[in-house]
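Peer 1: Take a look at the letters that make up each chain.
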Amino acid sequence: MIVVNTESVPGYRVTQLKGLVQGNTIRAKHIGRDIGASLKNLVGGELTGYTELLTESRRQAMERMIQQAQQLGANAIVNVRFTTSSVAAGAAELYSYGTAVVVEPVA
Amino acid sequence: MNSGDAFGLLFALFVIAAPFALGIIGKARENRHLEDIARRSATHRDFPVVDIPLLPAGMQARGSEIVLGQVVIASDYLKNFFAQYRAIFGGEVKSFSRMVERGKEEARLRMIEEARSKGAAAVINVRFETSQIGASQGQRGQAMSEVLCYGTAIYV
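Respectively, the protein sequence lines represent chains A and B.
Quick note: the first sequence, position 12, residue 934 per my numbering, numbers continuous.
Quick note: the second sequence, position 136, residue 140 per my numbering, numbers continuous.
For the record, the hints were derived by calculation from the structure and aren't laboratory data.
Even for Gly, the Cβ is constructed at its ideal location relative to N, Cα and C.
Check each hint, because a few of them may be wrong.
Derived list of chain B stretches under chain A, where covered just means 3 residues or more per stretch with a C-beta under 8 Å from a C-beta of chain A [what the hints assert, rightly or not]:
id, stretch
1, 8 to 18
2, 29 to 37
3, 78 to 92
4, 122 to 134
5, 148 to 156
Quick partial rundown of chain B residues pointing at chain A, CB under 7 Å, derived from the structure [as the list claims (entries may be wrong)]:
id, residue
6, Leu26
7, Pro57
8, Val75
9, Ser101
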């Protein structure tokens, strides 16, 4: 599966449009990380625990999107976008979406 | 002066000094991070990164893949404290600008590092996204932001 955020895949031609695919996940941070992060919050800087959590979650959202595309019989997803929003205190929603297409290499 | 008074005085000193101590530690860490960013940026100066969906002139793509760089960054206690007062008069909140700038640079560098470690020749169509995450009730004043930088890595 080719996943890109450009409107077409460089070096390939879009032959079929399969439609919008999306994947999301809502994650809550666990209490250990929360305590660690609030201590870290005192001196500022990167909150490694949160970075890891979001990286992991975003990968999961992408995997869900890729699964949907596979079910549609696509071999690529173009124009991928990400959004993040906070749904409640301590929980974040990671959402990714794109257009599933069938591509073939330009000869 | 009895021992109770001495303890009270020490406690008061601690309450006043602690935010400044945290601020000094935060400042030192920030400077170290900015130096690190400058050093890493210099090593990637010749690597083409653009936010248009076009390949650099003369480049033929054999493959492409999305690459991401992300970071969650927070400001220190002292800056949060002073930023509250800045909100009364308005104007640029310099300490927060610097925090967000650190986040943007770090996310961008992580994306470039991922692309280069996979052997990419360029990154095109780069996008930045910033969001505020998980502000619990207790941490109302804590500035914390998540920065995501993503683009399409090009392999030749």
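Peer 1: Given B/Val75 as an interface hint, is the shortest Cβ-Cβ distance to chain A below 7 Å?
Peer 2: 5 Å, holds
Peer 1: Three or more residues of the stretch 29 to 37 of chain B near chain A by CB distance under 8 Å?
Peer 2: Holds, because 5 residues of the stretch 29 to 37 of chain B bring their Cβ atoms closer than 8 Å to Cβ atoms of chain A.
Peer 1: Between the stretch 122 to 134 of chain B and chain A, are there enough contacts, at least three residues with CB-CB distance under 8 Å, for the coverage claim to hold?
Peer 2: holds (count 4)
Peer 1: Check whether three or more residues of the stretch 148 to 156 of chain B sit with their beta carbon closer than 8 Å to a beta carbon of chain A.
Peer 2: This one holds; 6 residues, not fewer than the three required, reach chain A with a Cβ under 8 Å.
Peer 1: With a cut-off of 8 Å between beta carbons, are at least three residues of the stretch 78 to 92 of chain B near chain A?
Peer 2: Holds, because 5 residues of the stretch 78 to 92 of chain B bring their Cβ atoms closer than 8 Å to Cβ atoms of chain A.
Peer 1: Cut-off 8 Å, C-beta pairs, minimum 3 residues; does the coverage of the stretch 8 to 18 of chain B by chain A stand?
Peer 2: Violated - the stretch 8 to 18 of chain B has 0 residues with a Cβ nearer than 8 Å to chain A, which falls short of three.
Peer 1: Once the shortest beta carbon distance from B/Ser101 to chain A is found, is it less than 7 Å?
Peer 2: 14 Å, violated
Peer 1: Next item in the hint list is B/Leu26. Is there a CB on chain A closer than 7 Å to its CB?
Peer 2: Holds. Min distance 5 Å.
Peer 1: Should the hint that B/Pro57 touches chain A count as held when the rule is a Cβ pair under 7 Å?
Peer 2: This hint holds: B/Pro57 lies near chain A, its Cβ roughly 4 Å from the closest one there, short of 7 Å.
The earlier numbered hints that this structure contradicts are 1, 9.
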